[in-house]
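Colleague: Chain by chain, the residues run as shown.
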Amino acid sequence: MPQRTERIVVIDENPARAAVLDEGLREAGYTDVTLIDDMHGLLRRLAAIDPDVILIDLENPSRDTLEQMFQVSKTVRRPVAMFVDQSDSAMIQAAVDASVSAYIVDGLRKERIKPLMDMTISRFNAFARLEEELHSVRSELADRKVIDRAKGILMQQKSLSESDAYQLMRRSAMNNKKKLVDIAASIVTAAELLNGDGP
Amino acid sequence: MTNLTIGFIPLVDCAVLVSAYEKGFAADEGLTITLERERAWAAMRDKLNLGHLQAAHMLAAMPVAASLGIGQVQVPTIAPFVMSMNGNAITVSNDLFARMQGAADGDLQDPKISGMALKQVIKASSEPLTFAVVYPFSCHNYELRYWLGAAGINPDEDVRLVVIPPSLVAESLSAGQIDGFVAGEPWNSLAVDKGVASIVLTKAQLWRWGPEKVIGMRQDWAEANPKTVAALIKALYHAAQWCDNPANHAELAAILAQPHYIGVAEPLIANVLAGTLRLNGAAQPTQIENFIAFHKQAANFPWRSQSLWLYSQMVRWKQIKHSGDAEDIARRCFRPDIYRQAMADITPVPILPGASEKVEGALAHATPAGASGAPLFLGPDTFFDNKPFDPDDVSGYLSSFSVA
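So the sequence lines, in the order shown, correspond to chains A and B.
Under this note's numbering, the first residue of the first sequence is numbered 1235, with each subsequent residue one higher.
Under this note's numbering, the first residue of the second sequence is numbered 722, with each subsequent residue one higher.
A hint or two may mislead.
[Said to hold, decoys possible] Straight-line C-alpha distance at most 30 angstroms; calculated DSBU-like pairs for lysine-lysine:
1. B/K840 / B/K915
2. A/K1392 / A/K1412
3. B/K1108 / B/K840
4. A/K1411 / A/K1385
5. B/K1039 / B/K844
6. B/K1039 / A/K1344
7. B/K1108 / B/K844
8. B/K768 / A/K1344
9. B/K768 / A/K1348
10. B/K768 / B/K948
11. B/K1108 / B/K1042
12. A/K1344 / B/K1042
[To be verified] Looking from chain A toward chain B, a few residues come up when the C-beta cut is under 8 angstroms (computed):
13. H1274
14. G1275
15. L1277
16. L1292
17. E1293
18. N1294
19. P1295
20. S1296
21. R1297
22. T1299
23. E1301
24. Q1302
25. V1330
26. S1335
[To be verified] What follows is a list of derived Cβ distance ranges for each label pair:
27. B/G790 / A/K1348: 22 to 28 angstroms
28. B/E757 / A/S1420: 32 to 38 angstroms
29. A/D1352 / B/P980: 36 to 42 angstroms
30. A/A1376 / B/G916: 40 to 46 angstroms
31. B/E987 / A/R1383: 38 to 44 angstroms
32. B/P980 / A/N1409: 37 to 43 angstroms
33. A/A1376 / B/A748: 33 to 39 angstroms
34. B/P967 / A/D1352: 52 to 58 angstroms
35. A/E1261 / B/S1123: 52 to 58 angstroms
36. B/Q979 / A/Q1390: 40 to 46 angstroms
37. A/S1370 / B/E987: 32 to 38 angstroms
38. A/S1420 / B/P967: 45 to 51 angstroms
39. B/Q979 / A/S1420: 27 to 33 angstroms
Calculated directly from the structure, the hints in this document are not laboratory data.
Glycine included, every Cβ here is placed at the ideal spot set by N, Cα and C.
Please construct the entire structure, taking both the sequences and the accompanying hints into account.
Modeller: Now the structure itself:
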C-alpha cells in the first residue's frame, strides 16, 4: 500500500462519521490524520496542526470560520483554498451530494487530491446509507412492538390464538387498504382509551 | 406554478423571505417556494453555485465577493432586491463593557466616544482583544473595521478578528475565547438575555441607513429565467411592505419564532422588530431609530452605490486590489434595472427612485428625492464620522481614511 504523506484534518460534529472517514483514510495509507469535533478555538488548533487538507461536512457552520483563512494568511502559515476544480464538475457535484467539502493547501497536486476526494465522498455516502438503514431498522422494531401489543389485546379480548389474531389484523388491513402497523396502532389506541389508561 | 428552492439563515432579517411564503405573496405571483434552512454562509453559496438553490438570503457583500471571485471560485452573482436595512449590533463581554465604561469620556452610545474608550482599553491590555464576525464578506466585518479604524485602531494589527458562527458566540464569550462580536439578531439580544454580554452600538448608530441582506442569485440563472425573477421580486416587494407595517409585527414575530424558522422566544423577536433593545443586563429597553427596516424609503431598491460601497470596503481591508475592471464588476452586482422591470406592472405604482446610484451617507435629514409613483424621501443616511461615499470616486474615498 502506498504511504501517503498528506497531513489531514477531519472536522466533524458527528464522531461516528468522523470515525468512519478516519478508518477509510488509514486503510488508504493516510497515516497523518487528526479528528476535531470541538469547534471552539478551531483556528488556533488548525494553525498548530498546519494541515495540507481539511475535510469537513458541507453544512458545518464552522466552514464560515475556515473561510476566514482565505483572508487572514497570518492565521495559517500556508495559503489554503477551498477545493474547487472547475475542470471536474462531476466530482464537485458528487461532493456536494455527499455533503463533503474540502479545503486544500494551494499547490497540492491534482492527482493526489482526486483519490482522497473519491474516498471521502464514498465514505460520506456509505455513512449516510448506514444512518438511513439504522433509522429504518429502528422504525421496523417499533412497528413490530406495536403489532405484538395489538395481537396480545386481540388474543385476550376475543380469545383468539396468536395466528388468528394476526390473520384478523392482516385481513382488516387489506380490506381497508391500510398498513398492518396502522391497524395495530389503532387497536392499541382504542384499547388504551377504552381501558382508561390512555394518554 | 414555478418551483423555487430558496435558502435562508435563521435570523430576524429572513423576515421578508419567510413572509413571502407564509403570507401567500409568492403563491400570488405563481411561485411555489420551498424554504431551506442553512447553517453556514459557505454552504449557502456552494448550493447556489451548483443549482441546489435558485436564490438565497445573502449578506449584501456576498454577491459582490462571489462575482469578483475573492476567496472562492468566481461565479457572477447578482442582487436584484434588498431584503433588509441595518439590524446588526456590536456586542461585548460584560468585562470589556465595564472597562470601556471606565475609560469612556462620555456616553458609550456615541461611536466616537466608545471607539476612543476601546482604544484606551486596548492600550492598557497585555493580551490583544479578540472580536468575532460572522463571515469575511459581510457588513458585520466592515462595520466593525470602520468603527475601529475611525478610532485609530488597526483591525489587522491591534486586535484579533475571527469568524465564529453566531450560534457559538455566547458560549465563546463566556469561555473568554472572544471579547466581543458583531452579528445580526437575535444573537445580540440572546447574549444580553443570558447575562454574558452588553450591546455597545447598533449598526444604525454607525451608518444610519446601510443595506444588510439581499436576495442573491446566479447571474446566468437570472438571465435564463427573467419572468421567474420578476415574479420573485414582486412577491418580495409585497412581503417587505407587509413586514414593515407595525400592525403586522405581532404576527410576524409569531411566524419567525417557530422552531423551523428562528426558534427563539416571540417577545424577543417582537422587540427587535420594534427596535426596542435591552442593551445590557441592567438597562431598560432602549428605542433605536431604524434599528431594522424592510421596506420604507425605497429600502428594497438595489442602489449600485451600495454595491460599490461594499467593494470599497473590500479594497480598504485588502481583500482585493482596486482596479477598473473589479470596480465595474462590483457596480453591476446590484441590479436596479431588474428591480425596475419587475415593478412595471404593480398597482398602485410603486415608488421608484429616478437615479440608480447616489452619494451614500450625504443626507443628515429626510430629503426629497427624484422619483416616480409617489414622493420619495431619503435619509437620514449619514455615517457617524459624516464622510460621504461618492460612487464615482472610490479611490478618493479610500484615500480619505488614515487607518489602512
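Colleague: Now, for every hint given, state plainly whether the structure supports it.
Modeller: Here is what the structure says about each hint:
Taken as a hint, the B/K840 and B/K915 pair is honoured in the structure, with Cα atoms around 27 angstroms apart against an allowance of 30 angstroms. The straight-line distance between the Cα atoms of A/K1392 and A/K1412 is roughly 22 angstroms, inside the 30 angstroms bound, and the hint therefore holds. This hinted pair checks out: B/K1108 and B/K840 have alpha carbons roughly 21 angstroms apart, not beyond 30 angstroms. As the CA atoms of A/K1411 and A/K1385 are separated by approximately 19 angstroms, the hinted pair is consistent with the 30 angstroms bound.
Only pairs whose Cα atoms come within 30 angstroms are accepted, and B/K1039 paired with B/K844 is accepted, the gap being roughly 25 angstroms. Simply put, B/K1039 and A/K1344 have alpha-carbon atoms about 29 angstroms apart, close enough for the 30 angstroms limit, and the pair holds. The suggested pairing of B/K1108 with B/K844 holds, with an alpha-carbon distance near 27 angstroms, which does not exceed 30 angstroms. Of the supplied pair hints, the one linking B/K768 and A/K1344 holds, its CA atoms being roughly 23 angstroms apart against a limit of 30 angstroms.
Proximity of B/K768 to A/K1348 is assessed by CA-CA distance (about 21 angstroms); at most 30 angstroms being required, the pair is judged to hold. A hinted pair counts as satisfied when its Cα atoms are at most 30 angstroms apart, and B/K768 with B/K948 qualifies at roughly 22 angstroms. This hinted pair checks out: B/K1108 and B/K1042 have alpha carbons roughly 22 angstroms apart, not beyond 30 angstroms. Taking the CA atoms of A/K1344 and B/K1042, the gap is near 28 angstroms; set against the 30 angstroms cutoff, the hint holds.
For A/H1274, the interface hint holds, since its Cβ comes within 8 angstroms of a Cβ in chain B; the closest pair sits about 6 angstroms apart. The beta carbon of A/G1275 is positioned within 8 angstroms of a beta carbon in chain B (closest approach about 6 angstroms), and the interface hint is therefore held. A distance limit of 8 angstroms between C-beta atoms decides the matter here; for A/L1277 the minimum to chain B is near 6 angstroms, and the interface restraint holds. Nearest Cβ of chain B to the Cβ of A/L1292: about 5 angstroms, under the 8 angstroms cut. The hint holds.
Checking A/E1293 against chain B: minimum C-beta separation of about 5 angstroms stays under 8 angstroms; hint holds. At a threshold of 8 angstroms, the smallest CB-CB gap from A/N1294 to chain B is about 7 angstroms, leaving the interface hint in force. Evaluation of the A/P1295 hint against chain B yields a held restraint, the C-beta minimum of about 4 angstroms falling below 8 angstroms. Hint on A/S1296 holds. Least Cβ distance to chain B is approximately 6 angstroms, under the 8 angstroms limit.
Given the 8 angstroms rule on beta carbons, the hint for A/R1297 holds: about 4 angstroms separates it from the nearest Cβ of chain B. Because the smallest distance between the Cβ of A/T1299 and any Cβ of chain B comes to about 5 angstroms, under 8 angstroms, the interface hint for this residue holds. Satisfaction of the interface hint for A/E1301 is found here, the shortest Cβ-Cβ separation to chain B being roughly 5 angstroms, below the 8 angstroms cut-off. The interface hint given for A/Q1302 holds, since its Cβ lies 4 angstroms from the closest Cβ of chain B, which is under the 8 angstroms cut-off.
The criterion of a C-beta within 8 angstroms of any C-beta in chain B is met by A/V1330, whose closest approach is roughly 5 angstroms, and the hint holds. Interface restraint check: A/S1335 against chain B, minimum CB-CB distance 7 angstroms, threshold 8 angstroms, status holds. In this structure the hint that B/G790 and A/K1348 lie 22 to 28 angstroms apart at CB holds, the actual value being about 23 angstroms. Remark: the range hint 32 to 38 angstroms for B/E757 to A/S1420 is upheld by a beta-carbon distance near 35 angstroms.
Taking 36 to 42 angstroms as the suggested C-beta distance range, the pair A/D1352 and B/P980 conforms, at roughly 37 angstroms. In this structure the supplied range 40 to 46 angstroms holds for A/A1376 paired with B/G916, their Cβ-Cβ distance being about 42 angstroms. Between B/E987 and A/R1383, the C-beta spacing of about 40 angstroms keeps the proposed range 38 to 44 angstroms intact. Between B/P980 and A/N1409 the beta carbon distance is about 39 angstroms. The supplied range of 37 to 43 angstroms therefore holds.
Between A/A1376 and B/A748 the C-beta distance comes to about 37 angstroms, which sits within the given range of 33 to 39 angstroms. Range check, B/P967 to A/D1352: Cβ separation about 55 angstroms, and the 52 to 58 angstroms hint holds. Taking 52 to 58 angstroms as the suggested C-beta distance range, the pair A/E1261 and B/S1123 conforms, at roughly 57 angstroms. At about 43 angstroms, the CB distance of B/Q979 to A/Q1390 agrees with the hint of 40 to 46 angstroms.
As the Cβ distance of A/S1370 to B/E987 is approximately 37 angstroms, the hint placing it in 32 to 38 angstroms holds. Under the hint 45 to 51 angstroms, the C-beta atoms of A/S1420 and B/P967, about 48 angstroms apart, fit the expected range. Judged by the Cβ atoms, the range 27 to 33 angstroms given for B/Q979 and A/S1420 holds: they are separated by roughly 30 angstroms.
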